[in-house]
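The residues making up each chain are set out below.
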Amino acid sequence: MTTVSRSLWGPGAVALSLALFLIVFLVIPVAKVIYVAFQDPNTGALTLINFVDFFNTSLFQESFFNSFYVASMSVVLASVFALPLAYFTTRFNFGGSILIQTLGVIPLIMPPFVGAVAMVLLFGQNGSINLLLDEYFGFTIPFMEGLNGVIFVESVHYFPFILINLSAALNNIDRSMEEAAQNLGASRGRLFRRIVFPLAMPGYVAGASLVFLKVFDDLGTPLLLNINNMLAPQAYLRISSIGINDPMGYVISVILVMFSLLALWTSFLALRGKDYATVQKGGGGLMKRDLAGWEKAGCYAVVILILLLVLSPHIALTLLSFGTVWSFSPLPDAYTAQHYVDVVSTSSTYITNTLLYAGLAAGIDVVFGTAIAYVVWRTGLPGRKLLDYMAMGAVAIPGVVLGIGYLRTFYQFDVPFIDKPLASWWVIIVIALAIRRLPYALRACVAALQQVSVMLEEAAENLGATKSRTVRRIVVPLMMGGIVAGFVTSFATAAVELSATIMLVSQESDAPLAYGIYEFMQSASGRGPGAALGIIAVLIIGIATYLSHRVINKKETERAPQQAAAPEEKVQGA
Amino acid sequence: MALKQTSGVTVTVENVSLSFGKTEVLKGVNLEIKPGELFTFLGPSGSGKSTLLRSIAGFGPRPGGRILIDGDDIAGLAPWDRNVGMVFQSYALWPHMTVRKNVAFGLEERKVPAREIAERVEAALDLVGLAAYGDRRPSQLSGGQQQRVALARTIVVEPRVLLLDEPLSNLDANLRVQMRREIHDLQRKLNLTTIFVTHDQEEANTISDRMAVLDQGVIQQTGTPLNLYDNPANRFVASFLGTANLLEGRIEAGDGGLWFIADAGPRLRLTPDAGAAGDRTAAMMRPQNLTITDADGALGQDVAVLEGTVEMLEFLGTIVRYAVRVGGASMLVDETHRVGRAVHAVGDSVRLGVEAADIRLLSA
Chain F
1 MTTVSRSLWG PGAVALSLAL FLIVFLVIPV AKVIYVAFQD PNTGALTLIN
51 FVDFFNTSLF QESFFNSFYV ASMSVVLASV FALPLAYFTT RFNFGGSILI
101 QTLGVIPLIM PPFVGAVAMV LLFGQNGSIN LLLDEYFGFT IPFMEGLNGV
151 IFVESVHYFP FILINLSAAL NNIDRSMEEA AQNLGASRGR LFRRIVFPLA
201 MPGYVAGASL VFLKVFDDLG TPLLLNINNM LAPQAYLRIS SIGINDPMGY
251 VISVILVMFS LLALWTSFLA LRGKDYATVQ KGGGGLMKRD LAGWEKAGCY
301 AVVILILLLV LSPHIALTLL SFGTVWSFSP LPDAYTAQHY VDVVSTSSTY
351 ITNTLLYAGL AAGIDVVFGT AIAYVVWRTG LPGRKLLDYM AMGAVAIPGV
401 VLGIGYLRTF YQFDVPFIDK PLASWWVIIV IALAIRRLPY ALRACVAALQ
451 QVSVMLEEAA ENLGATKSRT VRRIVVPLMM GGIVAGFVTS FATAAVELSA
501 TIMLVSQESD APLAYGIYEF MQSASGRGPG AALGIIAVLI IGIATYLSHR
551 VINKKETERA PQQAAAPEEK VQGA
Chain U
1 MALKQTSGVT VTVENVSLSF GKTEVLKGVN LEIKPGELFT FLGPSGSGKS
51 TLLRSIAGFG PRPGGRILID GDDIAGLAPW DRNVGMVFQS YALWPHMTVR
101 KNVAFGLEER KVPAREIAER VEAALDLVGL AAYGDRRPSQ LSGGQQQRVA
151 LARTIVVEPR VLLLDEPLSN LDANLRVQMR REIHDLQRKL NLTTIFVTHD
201 QEEANTISDR MAVLDQGVIQ QTGTPLNLYD NPANRFVASF LGTANLLEGR
251 IEAGDGGLWF IADAGPRLRL TPDAGAAGDR TAAMMRPQNL TITDADGALG
301 QDVAVLEGTV EMLEFLGTIV RYAVRVGGAS MLVDETHRVG RAVHAVGDSV
351 RLGVEAADIR LLSA
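From first to last, the protein sequence lines stand for chains F and U. Letter 368 of the first sequence, counting from 1, is numbered 368 in my numbering, and no numbers are missing. Letter 85 of the second sequence, counting from 1, is numbered 85 in my numbering, and no numbers are missing.
Keep in mind the hints are simulated off the structure, nothing from the lab. Computed from a predicted structure; not experimentally measured. Hints may contain errors.
[Claimed, not checked] Here chain U is said to cover these stretches of chain F; the calculated rule only asks that three of the stretch's residues, wherever they fall, bring their Cβ under 8 angstroms from a Cβ of chain U:
1. 100-114
2. 459-465
3. 471-479
[To be verified] Across the chosen pairs, the derived CB separations fall in these ranges:
4. F:Ile49 with U:Gly21: 47 to 53 angstroms
5. F:Lys385 with U:Asp209: 42 to 48 angstroms
6. U:Asp200 with F:Leu99: 39 to 45 angstroms
7. F:Leu237 with U:Gly21: 50 to 56 angstroms
8. F:Leu99 with U:Gly21: 50 to 56 angstroms
9. U:Arg110 with F:Leu356: 40 to 46 angstroms
10. U:Arg66 with F:Lys385: 32 to 38 angstroms
All residues carry an ideal CB built from backbone N, CA and C; glycine is no exception.
Let the sequences and hints guide you as you build the complete structure.
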């Protein structure tokens, strides 16, 4: 017979091993990076000298300013894309809403750097659009000049974060909120200003700070567009060209982490105490109105223009992957499937590596995510919140920083039997991916767990099932939808992750897809095969996402009538 | 294979206390529930009745004190080692399992052979009238059917005690009465010691052998429904079980008997053994035990007569309820309504009759 206190042993052991994993592979590497940033490179004493050097170097000053400028402008431009789309879908009855909901999130399933080269071909100085503009109107627009290019590519890629969060916030405003305001005499303008805008604001700020964070930390896009005077590329270049002992890479890492924390803090403040999900049973969403014919045409025009713009990387990438030569012309000269044949025959290791790494990482994430969610929300273990904070802390750690931390921490650590440092063994890539994606999988698991009433567990325990049996027979099956969603999010984003892997790939045969695409895209002749690899990556992710939706929908329809409608799942990051 | 009738167990609660942080939810509860008894915890929300029930099932923090089943202390056992069956307020049917799988769960956890599981599940479903519904999902059943599945799932494991946590609160009024009878019949048939939690006085009165009234984590009184209604121990029990007129005052001797002198004015004759002269106490009278007549109407002998004015009246169909101002007190009086009979109007002078035997003096 077990006693109540003994029933905490199992979860306690699980919690301890999870904590150990997070300490070794997240806390220590990051702490190491921060420590080195404050260490005198010669004497090893603690000092601020590295930061003084950093801010006295004009290249770093410029990089700092550029990163800040690019991230801020990307938020502005992403908002320009997202605001009309979000407003139209929630306010008006018209077919375009479905178009927006399905096509609007597609940009997220391709990493920004993959589309970057294709975007140059469409929007660059000698790209299709400018060639046409020059020919017919005699002027060109510098879409892709210098930092503009980074801002354009990033905002096209990350605007769905704002769209999704803002749409969710708008959809969560119950009609009764609006009706009550109207009933009390608020007309359209005041209604928007006093009710709709304040209720939707937290959602917008959350999405916007996420965009800022992602852009500020992004490494691949500036590298491919050959913009090196930004923070993340500088950190990478210092470590990869000067060496692992150069303090500047660490100083930049500390600054990247600080800005990430700042963005997350802003988002936290915006959302704190503002659980504005006001939707009542049977209600739902703001009042929608029908559009007159010309209004409808106007809305469609705006929607299609924006969608064309944000889907342009995919369109261009597809063209590039099938094109023979595409240079100084609006479209490729001729079309061929040769690039696909080439990459599948010569570079299939990239694909198998990616499936292996991303699959393992996502598997680790959902297992750990489920365990952490259960420990934190369903047990009374002391210090359990710490586990949650540690796992979620990974959100604030840019891939470059984690990569640097791993190199620094694990280079001296040889793996037994392999005779190779842990930092250059392929498994370290899997661990990096798992740590980076854990927060998203964890949130998916927590959301799923919160849908499972505690009473369902108590009923099982009451009928004689122990804690572990209850978890296996009741909790996990009921969480399955969320676990699958968490797996796919982790898998899809890990499959195209570049910033941490680029530092940890030690030999070509260990490299995943994203690395391969990056390598191909470096040379003009590699663009075609690179684009083909990119399309393959998008297809893999697309298929995985589609299949998971099938699974989740099937699960949900099975038990739909009894359970309360699941809250709108907020996508928090990729 | 029918479900077995049990011999019934005794449940003893000894000095059970429980706090959530600084809030004391249970303050030294003592109870003894007899074998085969249907015992109700009755109280308003926040009284601790569900917490007490959950402590018996092993949920929530471990309480201080002892909880004994047939003499064995189970307070330290994990929920899955207690073999006390609980039916949850929301039924807690697992949406990912069919009805049959839900009911089989407890037997599977007990490693009962598959053949026997199948037989016992069918018997349990048959018992609650759902033999044809085994392959359905819980979401495809009505509220009453879900309730029956929850009941079948619990009793199929032949628990030592059956715990019912407000099991009828999610049903509509008609179904509630029907399910109440079904639960009662089933409990009798199985002779299962059962604890029923409710905040509904009528539900408690109709179903219980005995009940305990809880308030603020303390058992106010224990007894049969009739006994508690007629002889409430204190002001809380008096007003929680039905409507009560409560007058504060003191007992005095004189005029050949005992009198209750209310602080608000009214004087009431008491039975000779009602109490000791000089004590301060409260007098309780049920509205239906008072009689009301016109200002010049006749009242029987041995009846204390109070003069007053109608302040308010409510027509409730079977009765008319008056609030009558008597001195400084407002008394509620129920009069059975006869078709066509006139009612007293607000402002009318009336006389109230109170029989000494209908007055209960409360000790606390």
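Practice prompt. Return holds or violated for the Cβ distance of Arg110 of chain U and Leu356 of chain F against the range 40 to 46 angstroms.
Written response: holds, 43 angstroms
Discussion item. Three residues or more, CB to CB closer than 8 angstroms: is that satisfied between the stretch 100-114 of chain F and chain U?
Written reply: violated (count 0)
Worksheet entry | Distance restraint evaluation - Arg66 of chain U, Lys385 of chain F, Cβ atoms, bounds 32 to 38 angstroms | holds, 33 angstroms
Worksheet entry | Status of the given 50 to 56 angstroms range, CB of Gly21 of chain U versus CB of Leu237 of chain F | For Leu237 of chain F and Gly21 of chain U the Cβ distance comes to about 55 angstroms; the hint holds.
Discussion item. Taking 8 angstroms as the Cβ threshold, is the statement that the stretch 471-479 of chain F is covered by chain U upheld or broken by the three-residue rule?
Written reply: Check passed, 4 qualifying residues.
Fill in: Leu99 of chain F versus Gly21 of chain U beta-carbon gap, inside 50 to 56 angstroms or not
Holds, since Leu99 of chain F and Gly21 of chain U (Cβ atoms, about 52 angstroms apart) stay within the stated range.
Worksheet item: Quick one: are Asp200 of chain U and Leu99 of chain F within 39 to 45 angstroms, going by C-beta?
Response: Given a distance of about 53 angstroms, which is not inside 39 to 45 angstroms, the answer is violated.
Fill in: Satisfaction of the hinted span 47 to 53 angstroms by the C-beta atoms belonging to Ile49 of chain F and Gly21 of chain U
holds, 50 angstroms
Item to complete: Check, residue by residue, whether the stretch 459-465 of chain F contains three or more positions whose beta-carbon lies closer than 8 angstroms to a beta-carbon of chain U, and give the verdict.
Response: Holds, because 7 residues of the stretch 459-465 of chain F bring their Cβ atoms closer than 8 angstroms to Cβ atoms of chain U.
Worksheet item: Quick one: are Lys385 of chain F and Asp209 of chain U within 42 to 48 angstroms, going by C-beta?
Response: Given range 42 to 48 angstroms: holds, Cβ gap about 46 angstroms.
When each numbered hint is compared with the structure, violations occur for hints 1 and 6.
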